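Protein chains in written order, with the working numbering: chain W, 4 to 343; chain V, 4 to 343; chain F, 4 to 343.
Do not take every clue at face value.
Identical copies look the same in the list; a pair holds intra-copy or inter-copy alike.
[Claimed, not checked] Computed cross-link-like contacts, DSBU-like style, restricted to lysine-lysine with a CA-CA straight-line distance of at most 30 Å:
no.	residue 1	residue 2
1	Lys167	Lys337
2	Lys48	Lys337
3	Lys321	Lys341
4	Lys321	Lys335
5	Lys167	Lys26
6	Lys140	Lys167
7	Lys32	Lys81
8	Lys152	Lys328
9	Lys321	Lys269
10	Lys37	Lys72
11	Lys317	Lys299
12	Lys269	Lys317
Source of the hints: derived by calculation from the structure; they are not laboratory data.
Only a predicted model underlies this, so the values are computations on that prediction, with no experimental measurement involved.
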Amino acid sequence: MEFSLEQVAQLLNGSVEGDGSLKVSRLDKIQEGKPGGISFLANEKYVPYLYETEATAVIVSEDFAPQRKVNAALIRVKNAYTAFTDLLTAYEQLSQQELSGVEEPSYCGEGTQVGEGVYRAAFSYIGRNCSIGDGVKIYPHAYIGDGVKIGAGTIIRAGAKLCKEVIVGAYCDIHEGAVIGSDGFGFAPQDDGSYKAIPQIGQVILGDHVRIGANTTVDRATMGATRIEEGAKIDNLVQLAHNVVVGAHTVIAAQAGVSGSSTLGKNCVIAGQAGIVGHLNLADRTTVGASTGISKSVNKPGTTLFGYMGMDLKGFLKAYAIFKKLPELQEKVKELEKKA
Amino acid sequence: MEFSLEQVAQLLNGSVEGDGSLKVSRLDKIQEGKPGGISFLANEKYVPYLYETEATAVIVSEDFAPQRKVNAALIRVKNAYTAFTDLLTAYEQLSQQELSGVEEPSYCGEGTQVGEGVYRAAFSYIGRNCSIGDGVKIYPHAYIGDGVKIGAGTIIRAGAKLCKEVIVGAYCDIHEGAVIGSDGFGFAPQDDGSYKAIPQIGQVILGDHVRIGANTTVDRATMGATRIEEGAKIDNLVQLAHNVVVGAHTVIAAQAGVSGSSTLGKNCVIAGQAGIVGHLNLADRTTVGASTGISKSVNKPGTTLFGYMGMDLKGFLKAYAIFKKLPELQEKVKELEKKA
Amino acid sequence: MEFSLEQVAQLLNGSVEGDGSLKVSRLDKIQEGKPGGISFLANEKYVPYLYETEATAVIVSEDFAPQRKVNAALIRVKNAYTAFTDLLTAYEQLSQQELSGVEEPSYCGEGTQVGEGVYRAAFSYIGRNCSIGDGVKIYPHAYIGDGVKIGAGTIIRAGAKLCKEVIVGAYCDIHEGAVIGSDGFGFAPQDDGSYKAIPQIGQVILGDHVRIGANTTVDRATMGATRIEEGAKIDNLVQLAHNVVVGAHTVIAAQAGVSGSSTLGKNCVIAGQAGIVGHLNLADRTTVGASTGISKSVNKPGTTLFGYMGMDLKGFLKAYAIFKKLPELQEKVKELEKKA
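Just need the whole structure built from these sequences, with the hints factored in.
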């Protein structure tokens, strides 16, 4: 696939500064740009690379004024970053070979209804009494248990597992190796010190446009449902326990964990390796820092928390700055004691 | 499936207060109860829902005295919580369609012995010279390497992997995507700065009634065996390294990790995201808090540890309370220095 | 397989002290040694076991002088530890049945080229236009997406997933359930509070002799490539985000995570559960302690960092020692205030 800079500019609603007939066939990072590639410049930090890049063209904002000579042609657009992501999307759509039809051997149980334009890869497994929406893509080694419902346009990637009775909305993207609907971790202690598993008879329900990362685990509810609402984006290796609720458009980064029955509001941001204990509520737009532990509910929307036991960010940073110098503080106290 | 309240009361050894001929077909949380559902009340926090629930019936303790009018029928039992888990178990057994027989295509290597009533799903793989006990359920995409032994009644869920020569006891439950018996992480540094893998020729041995969570990893021993003893319950995304020993009835929550050659006693509780370094011993009934790091052995049974480097819980909480106010403490010291 | 002590000594370039015609068939830990087993002694801590072990023979260093009577025969070598790992390697090679050929059913797409001596297990899936080097072993349920290239001698274990266009070097070992080349976690916030996925069109490139642990996830780059260089060793359940670079011979232990676009130098050691935020550089030979968070670049090669926000190790330990005694320090300040 090769496009002229004029074609690209037209797609992006922009204008070419330089030779519009030049051809590009690749998207490059500006610092790694090579002839035949097109890059973008949206962050000031990367301006110096503009004067050195070998990329054929660079997408810049309308009002960008170079301070030195630029060898690359420029494509001026309203917002360079947005234009570039549009270009990425167009590129991906063109390069993505349309998957559909059935590869053999594949398995589909009795009573299951499959929509139109569905891709069922070799070694994909669909249980009984499922409902698979139109245009769903089911990759190799995907497992879909009995009674699962999947909305239109959803992608179930290689080796992803939807356990029995899980409900997935439309246009979701379930990444490789994710497990949705495994048993919740609940046990009744017995008198002899052993544990008896409490049956987990609930469900998992995912809204539309939910994204689940690779090897992430989402447990079914003990009763009722574990819910991930519309547009939530979950990264890799995240743990969401039984009866958790993740609000719409909340983002959870890799290796974070949420314990049982906690409810996260809408538009929260949970950074990597954060941990949230059970039975809490986080208000809408709560931000939880990396590796931060949260052990109390957050009632005020828009709160930012950080640190080992989830302090407010400023307070934590101040206290930690003194923590680093505790030996000095201790020394001062010793001096004072001597004097006293 | 529909049952009268009389039938339910009989099953639970309880008595009905209200119309025993009413029918229920579903288990509901009390706060989400709807007609046709039965709920339970075991935690005082939930008492207010009793007066509002639309559930047909609620299971309560013998001596519970409502303070206001209750619309739901009551089923009085000795222990409401235990009764409800009994009901969950009965419900699950009834709703669980018995899996057995062989779905095709499935794979079974030479020299393998398969017991009676075994379920072998489509795309399940069993290697050579294995021994599969009676009533074992092997779900789709499960992988069972050469020489593996599995005790009676064990469940190997979708995409779980038992690598070569792993030994699994009876009535274990190995959840989706778990990997048991992958190579331990051991390398001999070479003079040129590179590393050479140390062959990991040991095993993993699981006792009876062991539970392994989804996408959890348990490494084989370098030599000898990594052991998880009877009744231990391991949650999702847990890492157990080579030559680790987990004592009987020990519980490990999600995303915790235990480094090589550490031994955990019996009836320990390790909370989520905790980390235990290598070559330690934890005494029986040790409790390790969430996200707590343990870098020393624990000799006294029943110890509770918490905090970044595993302090005793009370000590950590006291120190952390002051940590939060370090700026104040620093200010006081400055004042004292001025005065001195 | 049975070998005389003479044969073992010859293999290890050592000499027998005792009856060289005795036979061994097993490698035992010295504390668990039984007749017919051979052990080694490399760590002083284990010397007491030498006088008690029932192993037939023990490998010791040339200059080791027992203080009491030893029942086992000794095999004296230059370096007992190295000799023992050589023995492990020889043992593994002998006991490993050579895997090759194709088990059915397996799947291989159009345009894919497969080298000589390749093992393709039942239920393994190879997409279109791939290149599979000589001697590659592809285990059951492994998934290899379109356009993937795999170098000679590499092992793709059960259920490992190489997404489209991933490039894997020679003699790599990709463990069970690992996901290489899943989409990076990148989203453009929309005006209505929702997020739009940024297409991830980049690759993952693994050098030769790279080791990836079980259920580890390595995301493809947004553009360009996520790179893991020659000889790097990655443990289980590790997260490497889009555009991360891991330098040659760097070791990353279990459950650690590296956020997007960070670059780790050569010969770094990242301990378990450590977290490294995005867009950082770590110099060569950086050591990061267990559960340590790194939020700033490290410019000086050979730096060791530890603690919640990645302090230097000594500084952290000093400050933490005082942290533990903060109540005492606070008390002293109160006393001083009273006196003042």
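Taking the hints in turn, this is what the structure says about them:
In this homomeric assembly, Lys167 and Lys337 never come within 30 Å of each other (Cα to Cα): the closest approach is 65 Å inside a single copy and 61 Å across copies. Taking the closest pair of Cα atoms, Lys48 and Lys337 never come within 30 Å of each other, the shortest separation being 47 Å inside a single copy and 41 Å across copies. When the C-alpha separation of Lys321 and Lys341 is checked against a cutoff of 30 Å, the pair qualifies both within a copy, at 28 Å, and between copies, at 22 Å. In this assembly of identical chains, Lys321 and Lys335 lie within 30 Å of each other by CA distance both inside one copy and across copies; the values are 19 Å within and 15 Å between.
Taking the closest pair of Cα atoms, Lys167 and Lys26 come within 30 Å of each other only across two copies (26 Å); inside a single copy the shortest separation is 51 Å, beyond that limit. Taking CA atoms no more than 30 Å apart as the test, Lys140 paired with Lys167 passes in both settings, with 19 Å inside one copy and 15 Å between copies. Proximity of Lys32 to Lys81 under the C-alpha cut-off of 30 Å is restricted to the intra-copy arrangement: shortest distance 20 Å within a copy versus 52 Å between copies. Taking the shortest alpha-carbon separations for Lys152 and Lys328, neither the intra-copy value of 57 Å nor the inter-copy value of 52 Å comes in at or below 30 Å.
In the homo-oligomer, the alpha carbons of Lys321 and Lys269 lie at most 30 Å apart inside one protomer (29 Å), although the nearest pairing across protomers, at 34 Å, exceeds that limit. In this assembly of identical chains, the alpha carbons of Lys37 and Lys72 lie at most 30 Å apart only when taken from the same copy (17 Å versus 72 Å across copies). Both within a single protomer and between protomers do Lys317 and Lys299 lie at most 30 Å apart by alpha-carbon distance, with minima of 18 Å and 18 Å respectively. For a Cα distance limit of 30 Å, the shortest separation of Lys269 from Lys317 inside one copy, 23 Å, qualifies, whereas the shortest one across copies, 35 Å, does not.
In terms of the numbered hints stated before, the structure departs from hints 1, 2 and 8, listed from lowest to highest.
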